[in-house]
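> Place chain H with the ligands on chain V using the hints.
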Amino acid sequence: MPQPLIATNDFVVKFANVNGSGSASANGLFAKSILRMGVPIASRNIFPSNIQGLPTWFEVRVSEAGHMGRRGGVDMMVAMNPQTWDRDIAEIEAGGYLFYDSTRPMPKSKFRDDITIIGCPLTEITNAAYSDPRQRQLFKNIVYLGALSALLDMEVEAVQHCIAAQFKGKEKLVPANYAALEMGRSWAQANLQCPIGLTLKRADKVGDRIFVEGNAAAGLGAVYGGATVCAWYPITPSTSLAEAFEKYCTRLRKDPETGEKRYAIVQAEDELASIGMVIGAAWNGARAFTATSGPGISLMQEFLGLAYFAEIPAVLFDVQRAGPSTGMPTRTQQSDLLSAAYASHGDTKHVMLLPEDPSECFTFGADAFDLADRLQTPIFVMLDLDIGMNDWLCEPFAWDPNRRMDRGKVLDAAGLDAAQNFGRYQDIDGDGIPYRTWPGTHPEKGAFFTRGTSRDRQARYTEEGAPYVDNMQRLLRKFETAKSVVPRPIMRAAKEKARDGVIYYGSTSAAMKEALSALEAEGVHLDALRIRAFPFHQDVADFIAAHDRVFVVEQNRDAQLRTLLMNEESIDPAKMIAVLHYDGTPITARFIQAAIADRASAANVLPFRKATP
Amino acid sequence: MTFLPKPKLHHPKLPTNTVGLTRRDYEGAISTLCAGCGHDSISAAIIQACFNLAIPPHRIAKLSGIGCSSKTPTYFLGAAHGFNSVHGRMPSVLTGAYLANRDLIYLGVSGDGDSASIGFGQFAHSMRRGVNMTYIVENNGVYGLTKGQFSATSDKGSVAKKGAVNADQPIDLAAIAVQLGATFVARSFSGDKEQLVPLIEAALTHQGAAFIDVLSPCVAFNNHAGSTKSYDFIREHNDALNKLDIMVNRDAITVSYAPGEVTDVMQHDGSVLRLRKLHEGHDPTDRASAMHHIMERKAAGEIVTGLIYVDPEPTALHESLGTVAAPLNALGDSELCPGVDALAKVNASLR
Ligand SMILES: Cc1ncc(C[n+]2csc(CCOP(=O)(O)OP(=O)(O)O)c2C)c(N)n1
Ligand code: SF4
Ligand SMILES: [Mg+2]
Numbered sequence: 001m002p003q004p005l006i007a008t009n010d011f012v013v014k015f016a017n018v019n020g021s022g023s024a025s026a027n028g029l030f031a032k033s034i035l036r037m038g039v040p041i042a043s044r045n046i047f048p049s050n051i052q053g054l055p056t057w058f059e060v061r062v063s064e065a066g067h068m069g070r071r072g073g074v075d076m077m078v079a080m081n082p083q084t085w086d087r088d089i090a091e092i093e094a095g096g097y098l099f100y101d102s103t104r105p106m107p108k109s110k111f112r113d114d115i116t117i118i119g120c121p122l123t124e125i126t127n128a129a130y131s132d133p134r135q136r137q138l139f140k141n142i143v144y145l146g147a148l149s150a151l152l153d154m155e156v157e158a159v160q161h162c163i164a165a166q167f168k169g170k171e172k173l174v175p176a177n178y179a180a181l182e183m184g185r186s187w188a189q190a191n192l193q194c195p196i197g198l199t200l201k202r203a204d205k206v207g208d209r210i211f212v213e214g215n216a217a218a219g220l221g222a223v224y225g226g227a228t229v230c231a232w233y234p235i236t237p238s239t240s241l242a243e244a245f246e247k248y249c250t251r252l253r254k255d256p257e258t259g260e261k262r263y264a265i266v267q268a269e270d271e272l273a274s275i276g277m278v279i280g281a282a283w284n285g286a287r288a289f290t291a292t293s294g295p296g297i298s299l300m301q302e303f304l305g306l307a308y309f310a311e312i313p314a315v316l317f318d319v320q321r322a323g324p325s326t327g328m329p330t331r332t333q334q335s336d337l338l339s340a341a342y343a344s345h346g347d348t349k350h351v352m353l354l355p356e357d358p359s360e361c362f363t364f365g366a367d368a369f370d371l372a373d374r375l376q377t378p379i380f381v382m383l384d385l386d387i388g389m390n391d392w393l394c395e396p397f398a399w400d401p402n403r404r405m406d407r408g409k410v411l412d413a414a415g416l417d418a419a420q421n422f423g424r425y426q427d428i429d430g431d432g433i434p435y436r437t438w439p440g441t442h443p444e445k446g447a448f449f450t451r452g453t454s455r456d457r458q459a460r461y462t463e464e465g466a467p468y469v470d471n472m473q474r475l476l477r478k479f480e481t482a483k484s485v486v487p488r489p490i491m492r493a494a495k496e497k498a499r500d501g502v503i504y505y506g507s508t509s510a511a512m513k514e515a516l517s518a519l520e521a522e523g524v525h526l527d528a529l530r531i532r533a534f535p536f537h538q539d540v541a542d543f544i545a546a547h548d549r550v551f552v553v554e555q556n557r558d559a560q561l562r563t564l565l566m567n568e569e570s571i572d573p574a575k576m577i578a579v580l581h582y583d584g585t586p587i588t589a590r591f592i593q594a595a596i597a598d599r600a601s602a603a604n605v606l607p608f609r610k611a612t613p
Numbered sequence: 614m615t616f617l618p619k620p621k622l623h624h625p626k627l628p629t630n631t632v633g634l635t636r637r638d639y640e641g642a643i644s645t646l647c648a649g650c651g652h653d654s655i656s657a658a659i660i661q662a663c664f665n666l667a668i669p670p671h672r673i674a675k676l677s678g679i680g681c682s683s684k685t686p687t688y689f690l691g692a693a694h695g696f697n698s699v700h701g702r703m704p705s706v707l708t709g710a711y712l713a714n715r716d717l718i719y720l721g722v723s724g725d726g727d728s729a730s731i732g733f734g735q736f737a738h739s740m741r742r743g744v745n746m747t748y749i750v751e752n753n754g755v756y757g758l759t760k761g762q763f764s765a766t767s768d769k770g771s772v773a774k775k776g777a778v779n780a781d782q783p784i785d786l787a788a789i790a791v792q793l794g795a796t797f798v799a800r801s802f803s804g805d806k807e808q809l810v811p812l813i814e815a816a817l818t819h820q821g822a823a824f825i826d827v828l829s830p831c832v833a834f835n836n837h838a839g840s841t842k843s844y845d846f847i848r849e850h851n852d853a854l855n856k857l858d859i860m861v862n863r864d865a866i867t868v869s870y871a872p873g874e875v876t877d878v879m880q881h882d883g884s885v886l887r888l889r890k891l892h893e894g895h896d897p898t899d900r901a902s903a904m905h906h907i908m909e910r911k912a913a914g915e916i917v918t919g920l921i922y923v924d925p926e927p928t929a930l931h932e933s934l935g936t937v938a939a940p941l942n943a944l945g946d947s948e949l950c951p952g953v954d955a956l957a958k959v960n961a962s963l964r
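As given, the protein sequences belong to chains V and H, one line each in that order.
So the first sequence is numbered by the numbering used here: it starts at 1 and just counts up by one.
So the second sequence is numbered by the numbering used here: it starts at 614 and just counts up by one.
Bound conformation, chain H alone:
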């Protein structure tokens, strides 16, 4: 099969964003995933979020591992460079890319197999290092691309399409991201665009390690009765923590709220996360209590979604390394090569 890029026929009346682009300018090639796959909805949400934020697409680098989920970067942001790396290793490739050029926006897309099994280590270390990125796991509880084996996020007792029952404890990537020091952690559902789009926007503006666990049903292998990652199951158990509006560059605030109803979190880049709280006892700026809250709700059988934790003043890897403000890949000979006089001194010190 050869896939040609989708022809770009712009309707003259398509709305444009502040950089003069239409939503279509954020699209990619036509998806080859199964009709109804949750992953396609996430691609659509990414497109919407980037359009809303008016990010020039070529200023984003999109990276992924291997899996149906990891194929999706081909299907959005066609004008951005993409890298489909190896299974479970997107985090290291993304880290390296970020080291090379701190000025781009890094979007990592992975699956639950990619991040919770083979790539669990890399997932963990990229979080604790504070790589400035948006890391999305498209979580369907199975290995889609290899046809339906359980993944490490499958719930204990979840039933596979062919009848097998999962006996192992699930890994909750969002909870682990909180524990590992990610500075933005959210969970959402591919079927809830209203919740997902602002979360992606907030993650993209966050200047640190931002992680979103997006439940994303696999219609081919994990959407049956007995699965805990099916559309029906997630809809029934979805328990939203909050509602998020994101205001970039102090957008006009259109809706007014009663006092106490909203919390505003100002991020380092000036964007404001306006949260309408739906849960008592959840403070998204307190790591320990956020952790406690999701564990508690999980014990009650609920899947909490929304913004779980945010540190509005994160320290990203380049800051902790103390690198120059200019992208490393833009430095030239005069900045990088110490020259012959310095070398003569080194030689002298070795005699």
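Excised from the complex, chain V in its bound form:
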């Protein structure tokens, strides 16, 4: 038996549960109680595409150092699901801990001898205390929370505080939950060696950060960004984004006197209708968006081409998942990059924003509407399931009180009267962005007919080649303009001069930061660039040019960002090394570290020390 793991405020606990057993709320209480103790955590749900009965997992990474990505590995398993027992046991690190319901005896072969086994007769305890089967089930979760609080030396006041907060408005339920908590806690204190080697200790590392899921943040961003029309069709993992928009609108966007809504939400019949409504609303001057995932983006393809050529400021939130529809809908990936960037037929390219965490989902969620209006084109905000559906500890949402909506180049009646010879597709300013008018603006001026590409600068119908090319060239100029207005990439320079670089984006960011520090400790120094938008800012090409080799870390099979970089920046493929994680779970720091260390050493370019396990 190896030495049992000993760590304070730095370990991973994983809960293996059955979907629909009520475990989610107890697990959430566990996570929040640790935050309450001032210790940062990163938590992730791994759940099936099912409502009841299938396995789910909840992983809590406790990290006083503030690592928000997945580390990889499990130090303590709370194994509540017999179905997945074997694989759950196998996942525990050597020296780790297993917590399980010991009511029914298990054969010795079902355990491992290199871990500490902690049995607690949860069923027996709850059967003795409750007669109602539903109560027995629900309180079992709180009982194990109580036992864990003793084993990990959690402050019971922190847990109680979180229980009280959870039942705000239903205060009647609080005492019963306190009692169940105490049942588990006192049983553990009386019967088990408490605490174990993994312990929690009050710290002051959470600060003013908030704990929120990316979908809620993006939905709130849309409220702040001035969106008034939302048309959507339910699809995991994007559904909670539209729901959050509705929730926040209900709270923040009703006329205080009449209670009438300053927004319209339509659950459309499918994704074609969703994007059609968004296009119609945006054409008519409202800020409009849809929230969807890969299969929805596929269905929207034809309309996206129209929106590109008709120059409609539509906003799309794509919460990416593993495809296709019958694939792994509840698993995370960054695999829609290419289908969004080049969505539709004809020559099209689209602007994408790539937020790294919920805080940026809020910011980009609002910015997307300014960008859409400014650039008169669809804007994709690319979340993924990991950011979208997990609560992340992140910077609080920030808003500049002086900020005003940038509605872009829109001529009102006075503007039309002042303008000489308005033409919808003229490039007056040389930035490729024309002026538009909304329907109903002026009795005589500014009306035009919106269609695809068969038009001249005055929006008159034509099928001739020269005006077509003229228009297509202008659209390219507009895309050039986009490069300077989308969020710039962020560079993190290595401590020592580095010959290699790494590029990453989106939800990979948290694990990447940790991997970079770990690599640095091994003597592998890399400059890192976090890309935040497409089209790429000039900084991206400069960064690649400044390095011998560039690792491109992403969560898909086909190295989609790498393809986009090679294609758009004419970069030699040999220089770009793909580091790919795509099994549907969020990428881990350990994975990145190992993948880069491996290649860095194989090429023998950098000083390299093997990582100590």
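Hints in this document: simulated from the structure, not taken from any laboratory.
Since this is a predicted model, take the numbers as computed values, not measurements.
One should not assume that every hint holds.
[Unchecked claim] Far from chain V by the CB rule (all over 10 Å, computed), these chain H residues:
no., residue
1, L627
2, T631
3, C647
4, A674
5, A788
6, H837
7, D852
8, A853
9, T876
10, D877
11, H881
12, H892
13, G935
[Claimed, not checked] One-sided excerpt, in silico: chain H residues whose CB lies under 10 Å from chain V:
no., residue
14, T645
15, N665
16, L944
Glycine included, C-beta positions come from ideal geometry on N, C-alpha and C.
Just chain H with the ligands, lined up with the frame of chain V:
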């Protein structure tokens, strides 16, 4: 080809409507459809109806899908914004436009291919949602623009120009609109201006989902013997349910009728639909009986036209959503952005 707008040379003596515009002010670019195409007559009827109602043209937004029929919005109301969207998807684009600004009048133009085949779903859902619009299908029983394939409204047994016989059951869009909850449903014929113009006027004043199925012969591909959508066939089988006069703002009623001869339906906006009944057993305000009546007449081989169904007190989508009276696209920062204090509260709730 480049089409320049038609020069607007106004005859000084052209009659004007109550907003001081002449009929010519409601025209658009010169049509490029085949001479004799039914769709052009529908454009003319739309122009006439808008002129009669004295709607300022820029207060209308005209939207369409793809097809010869969907091209027509270029040929009327040149001072209105138009949107030629994608095939079969006009209803969603129109719905979005209506959500953005409830103050404009929305006119959707589509074809039978556009609405009964590729866009059948969107057609259906826009009806059941109560989008406040006038939705006109220019129904010729074929795909005109792709050169004469059968559409889903082609009657079973109808013969194509090249001799093929249609074996599939037709979709009756008007009957389906009634079933789906449209609050104004009519059918007419492009060749019957007298019937069509007041129906369009009534639809434009209707404050809910108004649908008109207009039979509109395609002279290039579906006007031969054996077609059930030809001028001759429709003239022979046209069975009008009623005659409609529409009175907006309580216009002087010029003709007097014997008691019992007319039914007046007052719409929500105050306009009155005066119906002279031609069919016994048809009550245009009773959805179930209207449905039953058109099915019965259809079984007898007749094409019923006229006002099929109207709900004078419709609930439009904005009412069911409970949105503010002001157009959403007119709301500014102070109305839309909750501000920093509200955000501080949200942050606090997430700690
Ligand atoms: C996605 C897509 N598929 C096919 C077409 C080709 N298409 C253009 S018009 C049309 C049929 C139009 O028929 P209808 O709506 O009846 O209009 P009509 O020309 O008869 O007035 C088709 C199939 C298209 N434009 N888009
Ligand atoms: S092909 Fe038919 S529908 Fe099209 S313009 Fe000619 S007559 Fe009209
Ligand atoms: Mg047709």
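> Work down the list of hints and note, for each, if the structure agrees.
Taking the hints in turn, this is what the structure says about them:
1. L627: The claim holds: L627 (chain H) sits with its nearest Cβ about 17 Å from chain V, beyond 10 Å.
2. T631: Non-interface label stands for T631 (chain H): nearest chain V Cβ at 15 Å, farther than 10 Å.
3. C647: Label holds. Min Cβ-Cβ 17 Å, cutoff 10 Å.
4. A674: Contrary to the label, A674 (chain H) does not stay out of reach of chain V, its closest Cβ about 4 Å off (not over 10 Å).
5. A788: About 20 Å separates A788 (chain H) from the closest Cβ of chain V, which puts it past 10 Å; holds.
6. H837: Holds: least Cβ distance 30 Å, greater than 10 Å.
7. D852: Holds, because the least Cβ-Cβ distance between D852 (chain H) and chain V comes to about 34 Å, which exceeds 10 Å.
8. A853: holds (34 Å)
9. T876: holds (35 Å)
10. D877: holds (32 Å)
11. H881: Holds, because the least Cβ-Cβ distance between H881 (chain H) and chain V comes to about 19 Å, which exceeds 10 Å.
12. H892: holds (35 Å)
13. G935: violated (5 Å)
14. T645: Holds: closest Cβ of chain V sits about 9 Å from T645 (chain H), inside 10 Å.
15. N665: Since the shortest Cβ distance to chain V is 18 Å, the answer is violated.
16. L944: holds (6 Å)
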